[in-house]
Amino acid sequence: MSAATLPPRKDRRRTLVTPEGLALPVTLASRGSRFGAIAMDLLVLILVIVVTTLVLALGAAGLDTVLGGQIDQTKGGARQVLEFLAVLWFAVMFLFRHGYFLYFELGPRGATPGKRALGLRVAARDGGQLRPEMILARNLVRDIELFLPLTMLLGQFDQTEWDPVGWAAAGWFLLFALFPVFNRDRLRAGDLIAGTWVIEAPRASLAAALSTGASAAQGTSAATGAEYRFGEAELAVYGEYELQTLERVLREDRPEALAAVQEAICRKIGWHPGAGDERAFLEAYYTQLRARLETGMRLGKRKADKHAAGS
Amino acid sequence: MALFGLFGTRAQAQQAAIEAAALRSDRFRQAREPDWQRLDAIVTAMEKGRLRRLSDEDVLALPVLYRTAASSLSVARETSLDANTLAYLEALVRRAWFQVYGPRLGLWGWLRQFFGGGWSAAVRGIWPELLVALALMVAGTLVGWLLVASDPDWYHALVPFADERMPGARAEVLRGTIYGNTGQDGMSVFAASLFSNNAGVAILCFALGFAFGVPPLLLLVHNTAGLGAMLWLFFEAGLGWDFVGWLAIHGTTELLAILLAGGAGLHVGRSMAFPGNRAVLVAAAEAGERAAVVMAGVVLMMVVAAILEGFGRQLIDHAAGRYGVGGTMLAFWLAYFFLFRRRAGNGSAA
Numbered sequence: 203m204s205a206a207t208l209p210p211r212k213d214r215r216r217t218l219v220t221p222e223g224l225a226l227p228v229t230l231a232s233r234g235s236r237f238g239a240i241a242m243d244l245l246v247l248i249l250v251i252v253v254t255t256l257v258l259a260l261g262a263a264g265l266d267t268v269l270g271g272q273i274d275q276t277k278g279g280a281r282q283v284l285e286f287l288a289v290l291w292f293a294v295m296f297l298f299r300h301g302y303f304l305y306f307e308l309g310p311r312g313a314t315p316g317k318r319a320l321g322l323r324v325a326a327r328d329g330g331q332l333r334p335e336m337i338l339a340r341n342l343v344r345d346i347e348l349f350l351p352l353t354m355l356l357g358q359f360d361q362t363e364w365d366p367v368g369w370a371a372a373g374w375f376l377l378f379a380l381f382p383v384f385n386r387d388r389l390r391a392g393d394l395i396a397g398t399w400v401i402e403a404p405r406a407s408l409a410a411a412l413s414t415g416a417s418a419a420q421g422t423s424a425a426t427g428a429e430y431r432f433g434e435a436e437l438a439v440y441g442e443y444e445l446q447t448l449e450r451v452l453r454e455d456r457p458e459a460l461a462a463v464q465e466a467i468c469r470k471i472g473w474h475p476g477a478g479d480e481r482a483f484l485e486a487y488y489t490q491l492r493a494r495l496e497t498g499m500r501l502g503k504r505k506a507d508k509h510a511a512g513s
Numbered sequence: 331m332a333l334f335g336l337f338g339t340r341a342q343a344q345q346a347a348i349e350a351a352a353l354r355s356d357r358f359r360q361a362r363e364p365d366w367q368r369l370d371a372i373v374t375a376m377e378k379g380r381l382r383r384l385s386d387e388d389v390l391a392l393p394v395l396y397r398t399a400a401s402s403l404s405v406a407r408e409t410s411l412d413a414n415t416l417a418y419l420e421a422l423v424r425r426a427w428f429q430v431y432g433p434r435l436g437l438w439g440w441l442r443q444f445f446g447g448g449w450s451a452a453v454r455g456i457w458p459e460l461l462v463a464l465a466l467m468v469a470g471t472l473v474g475w476l477l478v479a480s481d482p483d484w485y486h487a488l489v490p491f492a493d494e495r496m497p498g499a500r501a502e503v504l505r506g507t508i509y510g511n512t513g514q515d516g517m518s519v520f521a522a523s524l525f526s527n528n529a530g531v532a533i534l535c536f537a538l539g540f541a542f543g544v545p546p547l548l549l550l551v552h553n554t555a556g557l558g559a560m561l562w563l564f565f566e567a568g569l570g571w572d573f574v575g576w577l578a579i580h581g582t583t584e585l586l587a588i589l590l591a592g593g594a595g596l597h598v599g600r601s602m603a604f605p606g607n608r609a610v611l612v613a614a615a616e617a618g619e620r621a622a623v624v625m626a627g628v629v630l631m632m633v634v635a636a637i638l639e640g641f642g643r644q645l646i647d648h649a650a651g652r653y654g655v656g657g658t659m660l661a662f663w664l665a666y667f668f669l670f671r672r673r674a675g676n677g678s679a680a
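Top line first, the protein sequences correspond to chains A and B. Be aware that the first sequence starts at 203, since it is given in my numbering, and climbs by one per residue. Be aware that the second sequence starts at 331, since it is given in my numbering, and climbs by one per residue.
I should point out that these hints are in silico values taken from the structure, not numbers from a laboratory. Take these hints with a grain of salt, some might be off.
What the hints assert, rightly or not - Label pairs and their in silico Cβ distance ranges: (1) B/A465 x A/A370: 24 to 32 angstroms; (2) A/L380 x B/R407: 37 to 45 angstroms; (3) A/D455 x B/R382: 35 to 43 angstroms; (4) A/G261 x B/G439: 32 to 40 angstroms; (5) B/D365 x A/R215: 56 to 64 angstroms; (6) A/L380 x B/G436: 29 to 37 angstroms; (7) A/G330 x B/R671: 22 to 30 angstroms; (8) A/P227 x B/P364: 22 to 30 angstroms; (9) B/L461 x A/A225: 31 to 39 angstroms.
Stated by the list, open to error - Among chain B residues calculated to face chain A with C-beta under 10 angstroms, some are: (10) S355; (11) N414; (12) L435; (13) A621; (14) G654; (15) L669; (16) R671.
As the list claims (entries may be wrong) - Away from chain B, derived, C-beta distances all over 10 angstroms, residues of chain A: (17) P227; (18) S232; (19) I251; (20) V268; (21) P475.
In this text the structure is predicted, and so the values were computed from the model without any measurement. Here a beta-carbon is modelled for each residue, glycine too, at the ideal position from N, C-alpha and C.
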């Protein structure tokens, strides 16, 4: 999926100015994909936590078996091992919770596995360097946005009736969860503090140029030997928008679409379309239209689409 | 077309048409494509974390290639209508921009820099707020003391946990809570959970800073008021010296951490309330960065405090030793923050 084939919704497009002064268009991550990303990350975290807990619990159970079920009465060495396991559990939980996001977002991809799976990454809002402090700030705030109210909420679920703490936690959680809905850059509180935002990081591949093939460059069809040469008036009917549509049709290369477009062009310029040689015809038209429009561009005359009064 | 007529023969006109059809923008693309592809390969390797496999020339070439691609993009925007090339270049420049201006250190490199001066520099950077936070903590302690001294019923309102430490308790009972827990089980687990709780409060203190710093003020005063109330209780029972020792072994670290957390929260809040000539969001982001560094350190101090509280206090069962450890920790922290200035590090050192 390249930017050319599927333009994003207008309200998610932003322009970022790099330190070189180059304006780079970026697309903000949609709220849905950010939710998906955090859900995936939490899933990974929970899995890791469950596995670690099980391993430590098995260790403790093994110790218990060795001692013949007397662990509660035992003092000294075994007891200390058990305590050590408990302290280790707290330490590991703490490290996972903070280290997971920090490690991945400080890495070269600037994204946790969840974000990466959805093609997102963290970037500095001002277009400058993304400093480690920014990553740190946005993830410290995540602790109170997400983990603190969630643990408070989880503590409420075994009670039949919620006490005020539960309601406060729910309100708190909602306040931060809905934060990205109420600002136009979809920042969560951590992004706001850190000066970051989350944007899409699409990759595009460079396809072969359409205008350098034999039939395109020379206007002759390899299949039929027919030569397509269009005059000034025949090329003047279309603009850049139509050119890009034509490029897309040629790249998708579906026979019925090619035929339909050829017919539309022929109707417009008053030619009689032949069948079976649509691709060569369209490549020739594409190349010559592009040549004409790019010449206009170099002279400072651009024609946006067929309705624009152009050269 | 009229121009071609000048050449007379039909063959010559055809040749000229071929030349014309080979677009200038395509020649531009063909000339630069190898550079783009090399940049693409370097960036892809970096994204996959295979930095070590890149040759030195490639690493050195990255900024140059990035700027070449960026200028190709600006030229292509003005001269080419090949949507695929433009989209490719935009994505390539964006990816290269992520790498050139991304976090270059990684977690380990950042940690090295953090301990090597970044942390203490950040702490020094918020000194006005630290003074305010210190004043608040002293005031909170005084208020707690005075309230309980005037009416002991305040004690229950200020100290959240209910155990044998309450007004009217006999001195021996109070003394028992301070000494003689050496053999007690489960204290390290208790310390670990205590740490989770304290670190949570400290992070809360910082994160709520962006509500213009009011919540950190309240948290600081509220937490130290309880401290003041307990101080009064133990001093009344003639155990002041012992209680301060009991507290000092981990308290110098923990209270300092709370002080830093409160200062960090106030720093963010102050920058948002009084951004000066900057936009509010810019001011918040700048303050947030500095405060975040302080906070990362606060969390570490909480770990140290929990270890001292859970293990140190059980092992050292006399006041003098506790004062010694607490005092040493305090001296260590203060020296580290205010005397250690090897490098005023921040992330943009590279």
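Checked hints:
Separated by about 29 angstroms at the C-beta atoms, B/A465 and A/A370 satisfy the suggested range of 24 to 32 angstroms. One distance hint, 37 to 45 angstroms for the beta-carbon pair A/L380 and B/R407, holds here, with the actual separation near 38 angstroms. Taken as a hint, the range 35 to 43 angstroms holds for the pair A/D455 and B/R382, whose Cβ atoms sit roughly 41 angstroms apart. For the pair A/G261 and B/G439, the supplied restraint of 32 to 40 angstroms holds, since their beta-carbon distance comes to about 34 angstroms.
The beta-carbon spacing between B/D365 and A/R215, approximately 28 angstroms, falls outside the hinted interval of 56 to 64 angstroms. At roughly 33 angstroms, the beta carbons of A/L380 and B/G436 sit within the given window of 29 to 37 angstroms. At about 26 angstroms, the beta-carbon gap between A/G330 and B/R671 stays in the expected band of 22 to 30 angstroms. Range check, A/P227 to B/P364: Cβ separation about 25 angstroms, and the 22 to 30 angstroms hint holds.
For the pair B/L461 and A/A225, the supplied restraint of 31 to 39 angstroms is violated, since their beta-carbon distance comes to about 44 angstroms. Hint on B/S355 holds. Least Cβ distance to chain A is approximately 6 angstroms, under the 10 angstroms limit. This hint holds: B/N414 has a C-beta 5 angstroms from the nearest C-beta of chain A, less than the 10 angstroms allowed. At about 6 angstroms, the closest approach between the beta carbon of B/L435 and any beta carbon in chain A falls short of 10 angstroms, and the interface hint on this residue holds.
Here the hint on B/A621 is kept, as its CB sits about 7 angstroms from the closest CB of chain A, short of 10 angstroms. At its closest, the beta carbon of B/G654 sits 25 angstroms from a beta carbon of chain A; the interface hint therefore is violated under the 10 angstroms criterion. The restraint placing B/L669 at the interface with chain A is violated, with a minimum CB-CB distance near 23 angstroms, outside the 10 angstroms limit. The beta carbon of B/R671 is not positioned within 10 angstroms of any beta carbon in chain A (closest approach about 18 angstroms), and the interface hint is therefore violated.
With a minimum CB-CB distance of about 6 angstroms to chain B, A/P227 fails to clear the 10 angstroms threshold, and the non-interface call is violated. Distance check on A/S232: its Cβ is at least 18 angstroms (rounded) from any Cβ of chain B, clearing the 10 angstroms threshold; non-interface status holds. For A/I251, the requirement that its beta carbon stay farther than 10 angstroms from each beta carbon of chain B is met, with the minimum near 14 angstroms. With 10 angstroms as the threshold on Cβ separation, the claim that A/V268 sits away from chain B holds: the shortest Cβ distance comes to roughly 19 angstroms.
A cut-off of 10 angstroms between C-beta atoms confirms that A/P475 is not in contact with chain B; the least separation is 21 angstroms.
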